[in-house]
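Trainee: Sequence:
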Amino acid sequence: METGYNTKTIAYENRTFLVNMLNFENGTIVSITENSQKIGPMLISINSGPVPSTSIIIPTKSEELFLKLLSQKISLFMKGICLVTANFEKPLDSETTKQLMHEIMGEIQQ
Numbered sequence: 200m201e202t203g204y205n206t207k208t209i210a211y212e213n214r215t216f217l218v219n220m221l222n223f224e225n226g227t228i229v230s231i232t233e234n235s236q237k238i239g240p241m242l243i244s245i246n247s248g249p250v251p252s253t254s255i256i257i258p259t260k261s262e263e264l265f266l267k268l269l270s271q272k273i274s275l276f277m278k279g280i281c282l283v284t285a286n287f288e289k290p291l292d293s294e295t296t297k298q299l300m301h302e303i304m305g306e307i308q309q
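The numbering used here puts the first residue of the sequence shown at 200, with every later residue one more than the last.
One thing to keep in mind: the hints can contain errors.
What the hints assert, rightly or not - As a list, the in silico DSS-like pairs of lysine-lysine whose alpha-carbon atoms are at most 30 Å apart:
no.: 1; residue 1: K297; residue 2: K207
no.: 2; residue 1: K278; residue 2: K260
no.: 3; residue 1: K272; residue 2: K237
no.: 4; residue 1: K267; residue 2: K207
no.: 5; residue 1: K278; residue 2: K237
no.: 6; residue 1: K237; residue 2: K260
no.: 7; residue 1: K267; residue 2: K278
no.: 8; residue 1: K289; residue 2: K272
no.: 9; residue 1: K289; residue 2: K237
no.: 10; residue 1: K267; residue 2: K289
no.: 11; residue 1: K207; residue 2: K278
no.: 12; residue 1: K207; residue 2: K289
no.: 13; residue 1: K267; residue 2: K297
no.: 14; residue 1: K297; residue 2: K278
no.: 15; residue 1: K289; residue 2: K260
no.: 16; residue 1: K260; residue 2: K272
no.: 17; residue 1: K207; residue 2: K260
no.: 18; residue 1: K272; residue 2: K297
no.: 19; residue 1: K297; residue 2: K260
no.: 20; residue 1: K297; residue 2: K237
no.: 21; residue 1: K237; residue 2: K267
no.: 22; residue 1: K272; residue 2: K207
no.: 23; residue 1: K207; residue 2: K237
Stated by the list, open to error - Estimated spans, in silico, between C-beta atoms of each pair:
no.: 24; residue 1: V250; residue 2: N213; range: 32 to 38 Å
no.: 25; residue 1: L221; residue 2: E288; range: 20 to 26 Å
no.: 26; residue 1: M300; residue 2: T202; range: 20 to 26 Å
no.: 27; residue 1: E288; residue 2: V250; range: 30 to 36 Å
no.: 28; residue 1: G248; residue 2: T208; range: 34 to 40 Å
no.: 29; residue 1: S252; residue 2: M304; range: 15 to 21 Å
no.: 30; residue 1: Q236; residue 2: K260; range: 25 to 31 Å
no.: 31; residue 1: K289; residue 2: N225; range: 20 to 26 Å
no.: 32; residue 1: K260; residue 2: T202; range: 29 to 35 Å
no.: 33; residue 1: S293; residue 2: E201; range: 16 to 22 Å
no.: 34; residue 1: I257; residue 2: K207; range: 19 to 25 Å
no.: 35; residue 1: K207; residue 2: P290; range: 35 to 41 Å
no.: 36; residue 1: S247; residue 2: E288; range: 30 to 36 Å
If you're looking for bench data, these hints aren't it; they were derived computationally from the structure.
Glycine residues also receive a C-beta, built at the ideal position from the N, C-alpha and C atoms.
Full structure from sequences and hints, please.
Mentor: Pasting the structure below:
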């Protein structure tokens, strides 16, 4: 993956998500927002062994599992650090979660 900044819009089931990614040589920062660009719950994962170490920076009321899995998958793939923040208007259903994960990981793996 090249260093730099990129943006991806994901539309799924009448919802639109904006994914901003800032890529570095040793990791990435991912922001996922729905309609308004706000900082939300934030997690960081570091690939420091067989299983990434994850810490919560800003606690989440929902979607913690999705954010944790995404952060860990990216840190494993990048062999580095991944910081993820997200702001959703309403909770994600399982299909929307799968679609977001698929689209974001596809972008990371390019």
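Trainee: Decide, hint by hint, whether the structure agrees.
Mentor: Okay, the hints, checked on the actual structure:
{"no.": "1", "hint": "K297 / K207", "in the structure": "holds (16 Å)"}
{"no.": "2", "hint": "K278 / K260", "in the structure": "holds (28 Å)"}
{"no.": "3", "hint": "K272 / K237", "in the structure": "holds (23 Å)"}
{"no.": "4", "hint": "K267 / K207", "in the structure": "holds (20 Å)"}
{"no.": "5", "hint": "K278 / K237", "in the structure": "holds (28 Å)"}
{"no.": "6", "hint": "K237 / K260", "in the structure": "holds (15 Å)"}
{"no.": "7", "hint": "K267 / K278", "in the structure": "holds (16 Å)"}
{"no.": "8", "hint": "K289 / K272", "in the structure": "holds (24 Å)"}
{"no.": "9", "hint": "K289 / K237", "in the structure": "holds (14 Å)"}
{"no.": "10", "hint": "K267 / K289", "in the structure": "holds (18 Å)"}
{"no.": "11", "hint": "K207 / K278", "in the structure": "holds (22 Å)"}
{"no.": "12", "hint": "K207 / K289", "in the structure": "holds (20 Å)"}
{"no.": "13", "hint": "K267 / K297", "in the structure": "holds (14 Å)"}
{"no.": "14", "hint": "K297 / K278", "in the structure": "holds (23 Å)"}
{"no.": "15", "hint": "K289 / K260", "in the structure": "holds (11 Å)"}
{"no.": "16", "hint": "K260 / K272", "in the structure": "holds (21 Å)"}
{"no.": "17", "hint": "K207 / K260", "in the structure": "holds (25 Å)"}
{"no.": "18", "hint": "K272 / K297", "in the structure": "holds (13 Å)"}
{"no.": "19", "hint": "K297 / K260", "in the structure": "holds (19 Å)"}
{"no.": "20", "hint": "K297 / K237", "in the structure": "holds (22 Å)"}
{"no.": "21", "hint": "K237 / K267", "in the structure": "holds (19 Å)"}
{"no.": "22", "hint": "K272 / K207", "in the structure": "holds (18 Å)"}
{"no.": "23", "hint": "K207 / K237", "in the structure": "holds (16 Å)"}
{"no.": "24", "hint": "V250 / N213: 32 to 38 Å", "in the structure": "holds (36 Å)"}
{"no.": "25", "hint": "L221 / E288: 20 to 26 Å", "in the structure": "holds (23 Å)"}
{"no.": "26", "hint": "M300 / T202: 20 to 26 Å", "in the structure": "holds (23 Å)"}
{"no.": "27", "hint": "E288 / V250: 30 to 36 Å", "in the structure": "holds (32 Å)"}
{"no.": "28", "hint": "G248 / T208: 34 to 40 Å", "in the structure": "holds (35 Å)"}
{"no.": "29", "hint": "S252 / M304: 15 to 21 Å", "in the structure": "holds (20 Å)"}
{"no.": "30", "hint": "Q236 / K260: 25 to 31 Å", "in the structure": "violated (19 Å)"}
{"no.": "31", "hint": "K289 / N225: 20 to 26 Å", "in the structure": "violated (34 Å)"}
{"no.": "32", "hint": "K260 / T202: 29 to 35 Å", "in the structure": "holds (33 Å)"}
{"no.": "33", "hint": "S293 / E201: 16 to 22 Å", "in the structure": "violated (32 Å)"}
{"no.": "34", "hint": "I257 / K207: 19 to 25 Å", "in the structure": "holds (23 Å)"}
{"no.": "35", "hint": "K207 / P290: 35 to 41 Å", "in the structure": "violated (22 Å)"}
{"no.": "36", "hint": "S247 / E288: 30 to 36 Å", "in the structure": "holds (34 Å)"}
In the structure shown, a violation is registered for the earlier hints numbered 30, 31, 33, 35, in ascending order.
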